[in-house]
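Just need the whole structure built from these sequences, with the hints factored in.
Residue numbers (numbering that gives the first Met the number 0), protein chains in the order written: chain R, 0 to 192; chain P, 0 to 192; chain Z, 0 to 192; chain W, 0 to 192; chain U, 0 to 192; chain X, 0 to 192; chain G, 0 to 192; chain B, 0 to 192.
These are calculated hints, taken from the structure and not from any lab test. Take these hints with a grain of salt, some might be off.
[Unchecked claim] Simulated pairs of lysine-lysine, PhoX-like, Cα-Cα distance not exceeding 25 Å: (1) G:Lys187 - B:Lys187; (2) G:Lys147 - U:Lys147; (3) B:Lys50 - G:Lys187; (4) P:Lys15 - P:Lys26; (5) P:Lys187 - W:Lys101; (6) G:Lys37 - U:Lys15; (7) W:Lys50 - W:Lys37; (8) B:Lys147 - R:Lys147; (9) B:Lys101 - G:Lys187; (10) R:Lys26 - R:Lys37; (11) W:Lys187 - P:Lys50; (12) R:Lys44 - R:Lys21; (13) P:Lys187 - W:Lys50; (14) R:Lys187 - Z:Lys50; (15) X:Lys187 - U:Lys187; (16) G:Lys21 - G:Lys44.
[To be verified] Here are a few chain X residues that sit away from chain W, every Cβ distance over 10 Å (derived from the structure): (17) Ala3; (18) Glu13; (19) Gln16; (20) Ile20; (21) Lys26; (22) Tyr33; (23) Lys43; (24) Lys44; (25) Arg49; (26) Thr51; (27) Glu77; (28) Lys101; (29) Lys106; (30) Val129; (31) Tyr142; (32) Thr190.
Just so it is clear, CB atoms sit at the ideal spot from N, CA and C, and this is done for glycine as well.
Protein chains: 8
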Amino acid sequence: MLVATGRVIVSRCEEKQIRAIKRAVPKDAILQTYARAKIVVMKKKDYSIRKTGGKIGLLTAGTSDIPVAEEAKVIAEEMGCTVFASYDLGVAGIHRVMQPLKELIAKNVDVIIVVAGREGALSSVVAGIVDVPVIAVPTSNSYGFGEKGLGALMAMLQSCSLGLAVVNIDGGIAAGAVATLIANRAAKFRTNI
Amino acid sequence: MLVATGRVIVSRCEEKQIRAIKRAVPKDAILQTYARAKIVVMKKKDYSIRKTGGKIGLLTAGTSDIPVAEEAKVIAEEMGCTVFASYDLGVAGIHRVMQPLKELIAKNVDVIIVVAGREGALSSVVAGIVDVPVIAVPTSNSYGFGEKGLGALMAMLQSCSLGLAVVNIDGGIAAGAVATLIANRAAKFRTNI
Amino acid sequence: MLVATGRVIVSRCEEKQIRAIKRAVPKDAILQTYARAKIVVMKKKDYSIRKTGGKIGLLTAGTSDIPVAEEAKVIAEEMGCTVFASYDLGVAGIHRVMQPLKELIAKNVDVIIVVAGREGALSSVVAGIVDVPVIAVPTSNSYGFGEKGLGALMAMLQSCSLGLAVVNIDGGIAAGAVATLIANRAAKFRTNI
Amino acid sequence: MLVATGRVIVSRCEEKQIRAIKRAVPKDAILQTYARAKIVVMKKKDYSIRKTGGKIGLLTAGTSDIPVAEEAKVIAEEMGCTVFASYDLGVAGIHRVMQPLKELIAKNVDVIIVVAGREGALSSVVAGIVDVPVIAVPTSNSYGFGEKGLGALMAMLQSCSLGLAVVNIDGGIAAGAVATLIANRAAKFRTNI
Amino acid sequence: MLVATGRVIVSRCEEKQIRAIKRAVPKDAILQTYARAKIVVMKKKDYSIRKTGGKIGLLTAGTSDIPVAEEAKVIAEEMGCTVFASYDLGVAGIHRVMQPLKELIAKNVDVIIVVAGREGALSSVVAGIVDVPVIAVPTSNSYGFGEKGLGALMAMLQSCSLGLAVVNIDGGIAAGAVATLIANRAAKFRTNI
Amino acid sequence: MLVATGRVIVSRCEEKQIRAIKRAVPKDAILQTYARAKIVVMKKKDYSIRKTGGKIGLLTAGTSDIPVAEEAKVIAEEMGCTVFASYDLGVAGIHRVMQPLKELIAKNVDVIIVVAGREGALSSVVAGIVDVPVIAVPTSNSYGFGEKGLGALMAMLQSCSLGLAVVNIDGGIAAGAVATLIANRAAKFRTNI
Amino acid sequence: MLVATGRVIVSRCEEKQIRAIKRAVPKDAILQTYARAKIVVMKKKDYSIRKTGGKIGLLTAGTSDIPVAEEAKVIAEEMGCTVFASYDLGVAGIHRVMQPLKELIAKNVDVIIVVAGREGALSSVVAGIVDVPVIAVPTSNSYGFGEKGLGALMAMLQSCSLGLAVVNIDGGIAAGAVATLIANRAAKFRTNI
Amino acid sequence: MLVATGRVIVSRCEEKQIRAIKRAVPKDAILQTYARAKIVVMKKKDYSIRKTGGKIGLLTAGTSDIPVAEEAKVIAEEMGCTVFASYDLGVAGIHRVMQPLKELIAKNVDVIIVVAGREGALSSVVAGIVDVPVIAVPTSNSYGFGEKGLGALMAMLQSCSLGLAVVNIDGGIAAGAVATLIANRAAKFRTNI
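Below is the structure:
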C-alpha cells in the first residue's frame, strides 16, 4: 500500500502496535506517530501533503474528548486541510465558549467539528451561533445511564439547532473525513479565484 | 377528601373529565381549572392557601414544554410558593437565555425548575450559571432516536454542571413538589427573621 | 413573523391545519402548500428567494421515503439551493442505483442527501462511490426489530464508507438545513468567480 | 489550581493515582485521602472550610452502597455542611429503616440523600415519611436484568412518593453537590437569625 | 369446549366481545362476567367449583392495579382457592401496609400475590416481612422512563428480599395460576388431615 | 453472626475469598465449601440442619447452567429441603427431557426449579407437562443478541405454559429460597399427618 | 406491472384497500383475495403458476400466528411450491407437536417454516427433531416484557438447535420467499430425475 | 464421544485449550486445528468425511469478519459440503463485490453465506442479485451505537431483499449448519441423477 499510494494511515494503534510498526519502516519511508490520536502515518520520504486550502474549526467540551478530536485533526490535515483547534470549552461555563468561537468565525472556517461527551450540549450551543455546517461527534466519556456516549449521541441527534449532522460515538476519523469533504468542496472554488 | 382537607387536586384531567367534575362541585366549594396544566382544584369556599414565602424560578426551553411547566407551577402555588416563570428560552439562541436568568437571580429565588425536551441542554446551561439548586424536568417533546423524552432525560442525568437533580419525563408534578420542599425549607428560616 | 421576515415556513402540517392556515392568509401574502412534504410556506407577494447557486443531490431508497425527502427539498430550495432529486433507487437492485448517481455526479452537486428506511444500505453504497459529502437520513419505514427507523439509523452510523454524516430519524428538515449550509458554502466561492 | 483557590478535590482516584498525587504535594499544602470515597483533597495548610450550618442526612440501603455515599459526604463536608450518615438500612427489613430515620428527623436535617442499588426501594419509603426534600442516588450494585443500577434508577424516577429528585447512577458527587446547595440555602437564612 | 369440560374461561374481554358471548350462551349454561378483571366464565348450570382449601393473599399498591389483581383473583377462585384481597396499600405511606399484612398472616395464607406498578416497591416490603412465598406482578401503570411496567418488573427482579418470584407485566392470569398451584399443593396435605 | 445463628452462608465466593475465609474459621466451627455453587457455609460444630420434608426437583438445560443450579441446591438443602437434581436435559433433543421429568413426578416433588440459558425453552416444556409450580431461572449462558441471559428471561416471562414464575438472571439463590418456601409450606402439612 | 409480468401481488391490504383494488381489476384479469394473509393477487386470466415441485412444511404455535403463516403460504404457493400447513401446535402441550411433525417428515418436505410468538420455543423443538432446514418466524403475539415479538426473536436467535435461521418479526413474506428458494433449489434437481 | 461417532468438534477454543486437547489425543486419532476458526476437530485415523456434493458460497465484507466465516466453513466442510470462499469484499466499494459474486454464480452454489459487521449492507446487496437462498451472519465488528453487531443484525433483519434469513451475531457455526442442510438437500437430488 505504501508503494501504491506513498502513504499508509493506521488508526487506533496501541503502544505495542506502534513499536511493531516502527521496526517495519522501510528505508525510503518515515513514520509520524500521533500519540493522543493513536494514529500512525507512514510516508515515502518524498511524499508531501497537497494543501487544499480547506479550513476546519475543531472544539472539544472537555479534556477527555481530546483524543477523539485529535483523530479528526490528523485525518483532516493528512487530507490537506488546516485545522484550528480549541479544547476544553465546557458548557457548564457558557462564557468559556464564546471567545474561542469568535476566533473560529474570524478565521472564516468552512465547517466546525464539535467533540463532546456527557450531555453533548456544546454542539447545540455552537450550531445555534454559527452559520457554517457543524459536525457533532459524541464521545464515550460518560457514566451511568447514557454511558458509553449514548446520552451525547441522543442529545446531538435531538438538537434543536439546525445546521448540524452527527457521526457515531468516538467517530473522530468519520468526522475528520466528512468535514474535510465539506471544507475541500468550499476551498476548491475559493482557491480557484 | 374535600371534607377532610378542604381541597382536592386532580391532575392530567382531559376536557371530558373536567366537565364531569364541574357537575359534581358541591355548593360550598369552588372549582379552579388550569387548562394548560390539565389540573383541576376543588376547594371549600373558605379555603385559602397559606403563603410560605418560598420563591421558585421556572424556565422552559420551548413552547411545547409549557404544559409540563404549568403542572409544576400549579402544584407549587397550591403548596404556598410564589413562582416566577419565563417560557420559551431555547438553547439554539443562547443569548435568549441570559436576560430571563438574570431576572430570576435578581428575584433571589430559592430553586429553579428547568423544563426542556429534545436535547435538554438548557438545564446544563442554567445550572452552570446559577448557585441555587436546579430541578430538571425532561419532556416528551422529541422525535426519532431519543423520542418520548429519553434523550433529554439522559442528557440531564449526564450533565457536567453540578447542583442539578432530575425527575421523570413529563414529571411536572414531581418537580413542583420537590422544588416546593426546597423553597419552603429556605423560606421557613427566612420568614422567621 | 411574516411582517418581520417576509416569510413563514410551517412543517409537519396536517390537512386540517393547512385549511386553518389558508383562511388566515393576509391579502398581501400568498400560500404555497407542499402536500408530500407536509410543509406550508406563507410569503409576502413581493418576497423572492435569493438563489445561492448551491447544488444538492437528493436520493431515496423507496417510495415511502419520499415525504421525508420532500421536507429536505422544500427547506433547501427555500434557502436558495437547487435540488436534483431521484426517488426509489432501492438497494435490492444495485443496478438501479448507478445511473441516477452518475447523473448527479455529472451535475456537479456539492452534497448528496440519501433518504432510506429499512436497512438503510443506500447511504453506504452512495458514499462509497462519490467524493462529495453525504448526509444520510434514516426514515421510520421499517418493521419488527429495528422498527421506527432504528435499524437504518444504526446502519448509517456504522457505515464503513467515509464522508458521511447522519441526522435523526425522519429528519428531513435537519438534513435540508445542513446540506444547504454545505452547498451554500461551496457556492459562495464558486459564484464569486 | 491549588494556588488560585487554596484547594483541589480529585474524585475517583485509584490507589496508584493517590500515590502519584502524594509525591506531588507542595510544602505548604496537606493531603487528605478518603479511601472509601476514592477522593483526594489537597489544601493549602492555612485553608479552612467555612461551615455553612447546612445539615444533610445520608442513608444507604446496603453496605456496598457506602463508597457512593462517602463521595457525597466528602463533597458536602468540603462545601461546609454537616452530614449525619447511617448506613445499611435495607428495605427487606423495613423495621431497620424507622429508627435511623427518626434520628435524622430529630436532627432537623435540611435534605436527605438516599443511596441504594438493586430495587432502590429505600428512597420511596423515606420520601413517603419525611417532609424535607430527598435526593435519590441509584448505585450500580445490581445484577442480571436491571444491572449496573438501571433498575434502581427506573424505580427512583417512577417513585410514587413526592418530594424526591434523582441523580445519575453512582452519582455521589452530583448528589452531594445538589444537596449542599439545598442545605446551604436553608442554612443561609437560619444562621442569619 | 363447554361440552368437554363444563366450563370456558375467556380473559381480556372487551365490552363488545362480552355482548357477543352473551348472545351465544346455550340454554343449559350460565355466564359470569367479571367487569374489572375483563374475564367471562361460561359454565354448565350443573358445574360447580371444587374447593381445594388453598388460601391466597392478594395485595395491590394502587387502585389502578386492581384490574390485574382481579384477573388473578378470578383464576384462583375458579381453580378452587379462597382469595383474601386488600387493595391500594401504597408504599409512599408505609404505615398503610402493615395492618392488611397482619390480617393476611392471621388468615394463614399459603402464598401472597403482590400487584404493583410504578416503582413496584410493595413486593420487596411484603417479602421482607412474611415467610410464605410471594408472587410479584408488575403492572403497566407507570410513565416516562420505565413506562409500561418496565420499572416495576426490574425492581421486582432486583428485589433484595428472598422468597419472591415474578410473572410478566400485567400477568394477572399467570400469577393467579402459579399461586393456585402453590396454595393447592399446601392445601392438598392440609385437608388430608 | 456465627455466634448469633450458628451458621453463616456466603455466596459468589471466588477461590481467593474462600482461602481467606478458611483461615478465619474458629475452633468450634467447620467450613463446607461448594465449589461449583461458589458458596461457603460456616457452621458451629453442633449445628445441624432441621429437615423439613420439602421436596424440590431441579433441572438444567445445559452443563454450563449447573453452577447456578448448584446455588439453588445448596440454599434449599441448608433450609431443610431434599433436592432431586438432573442436569443437561437440553431442548434440542426433546426426548432427553421426558425420562428425568417422569422420575421427578414419581418422587412427588412439591416444586420444580428449571435452570436454562440461551432460548430458555425448557421451562415452558416442563411447565406444560407437570402440575406443580415451576420456578424458572434464566442464566447468562447466551451470546450475541439476547446475551447475558436476556433472551432466556424474556422467553420465560412470555411462557405460554401456566404455573410458572421467574427470578432474575443467574438468580440461583433467589430460586432456591422461593422454591424452599413453596416446598416447606406443603411439607409442613404433609409431615403433620 | 400486470401487463409486464401477468401478475401483481399486494401484501398487508386492509379491507378498504381491497375494495379499492376490486374496483380497478381490468377485464382480462381476475383477483384472488386471501383474507387471513391480507394479500391480494391480481392475475391475467391466462396466467398460471408454474409448479416447481418444491415442498414446504408450515407450522404455527398458536391460532393468532396464523395470519403471518398465511402470508408465507400465499407467497410460497405463488412461487410454485406446495405447502403443507398445520396450525396451533403449541409448546405448552409438547405431545401436540409430535404427530403433525411426523406427517411433515413423511411428506418429505424440503424445508419447514415455524411461526411462533410469545416464547417462540416451537422452532427450537422442531429444529431439534427434523433434519431439513427450519426458517423461524417470530410473531408480535406477545405482551409485557418482550412484547411485539422481541422475546420470540431473541429466543429463536439464541436457539441451541442447529439448522435454523430467522427472519424479522411478523416476516411472513420474507419467510415464504427464502423457504421457496430453498425448496425450489432441491426440487430443481429432484424433478430433473 | 470419539469412540461413539469417530469425531469430536470443539468450537471457540483458545490457544490454551488447544494445547490441553493436543495432549489428550489418543493413539488411534488425529487432531486438526483451525486457528482462525478457533475450532479443533479430533478424528479416528480411519474416519473420512462423506462428500455430499453440496456447494456453499461464503463471502465476508471485511477482513475482521473472517474468523466467523471460517467457523462456518469448517462446519460445512465437516458435514460434507464444498465451500467457495471470497473474503473482504466491502460495500464501500461496490465494484469489488460484483466479480466474486459472478464467480460464485458460475460455480452454481446452492446457498450463499454472507458474513458482515458494521452496517451489514453486503447481505442486502448480494441477496438482491442472486437467486439462491442467502444466510446472513452479523458479526460483532462494530463500534459506538450499534456495537457488538447489533447494527448489522438489525440491518439484516430489515433487509428489503427477499431470499435472506439470519442467524445470531457471530453465529458462524449456526450459519454453517443451516447452509449445509440447505445445500445437502439440493445435492441429495442432484447426485441421485
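Hint check results:
1. G:Lys187 - B:Lys187: Given that 25 Å is the threshold and the Cα spacing comes to 11 Å, the pair holds.
2. G:Lys147 - U:Lys147: Roughly 13 Å between the alpha carbons, so the hint for Lys147 (chain G) and Lys147 (chain U) holds.
3. B:Lys50 - G:Lys187: holds (20 Å)
4. P:Lys15 - P:Lys26: Holds - the C-alpha atoms of Lys26 (chain P) and Lys15 (chain P) are around 21 Å apart, at most 25 Å.
5. P:Lys187 - W:Lys101: The hint holds at about 21 Å.
6. G:Lys37 - U:Lys15: Given pair Lys37 (chain G), Lys15 (chain U) holds - Cα atoms ~24 Å apart, limit 25 Å.
7. W:Lys50 - W:Lys37: holds (23 Å)
8. B:Lys147 - R:Lys147: holds (13 Å)
9. B:Lys101 - G:Lys187: holds (21 Å)
10. R:Lys26 - R:Lys37: holds (23 Å)
11. W:Lys187 - P:Lys50: Holds - the C-alpha atoms of Lys50 (chain P) and Lys187 (chain W) are around 20 Å apart, at most 25 Å.
12. R:Lys44 - R:Lys21: holds (15 Å)
13. P:Lys187 - W:Lys50: holds (20 Å)
14. R:Lys187 - Z:Lys50: holds (20 Å)
15. X:Lys187 - U:Lys187: holds (11 Å)
16. G:Lys21 - G:Lys44: Roughly 15 Å separates the two Cα atoms, so the pair holds.
17. Ala3: Label holds. Min Cβ-Cβ 15 Å, cutoff 10 Å.
18. Glu13: Since the minimum Cβ distance to chain W is about 15 Å, Glu13 (chain X) lies beyond 10 Å and the statement holds.
19. Gln16: The claim holds: Gln16 (chain X) sits with its nearest Cβ about 15 Å from chain W, beyond 10 Å.
20. Ile20: holds (17 Å)
21. Lys26: Nearest chain W Cβ is 27 Å from Lys26 (chain X), so the label holds.
22. Tyr33: holds (19 Å)
23. Lys43: Label holds. Min Cβ-Cβ 24 Å, cutoff 10 Å.
24. Lys44: Holds: least Cβ distance 28 Å, greater than 10 Å.
25. Arg49: Nearest chain W Cβ is 23 Å from Arg49 (chain X), so the label holds.
26. Thr51: Check passes; 22 Å lies beyond 10 Å.
27. Glu77: holds (18 Å)
28. Lys101: Check passes; 32 Å lies beyond 10 Å.
29. Lys106: holds (30 Å)
30. Val129: Nearest chain W Cβ is 25 Å from Val129 (chain X), so the label holds.
31. Tyr142: holds (16 Å)
32. Thr190: The claim stands: Thr190 (chain X) keeps its Cβ more than 10 Å from every Cβ of chain W (closest is about 28 Å).
Of the numbered hints given earlier, the model fails none.
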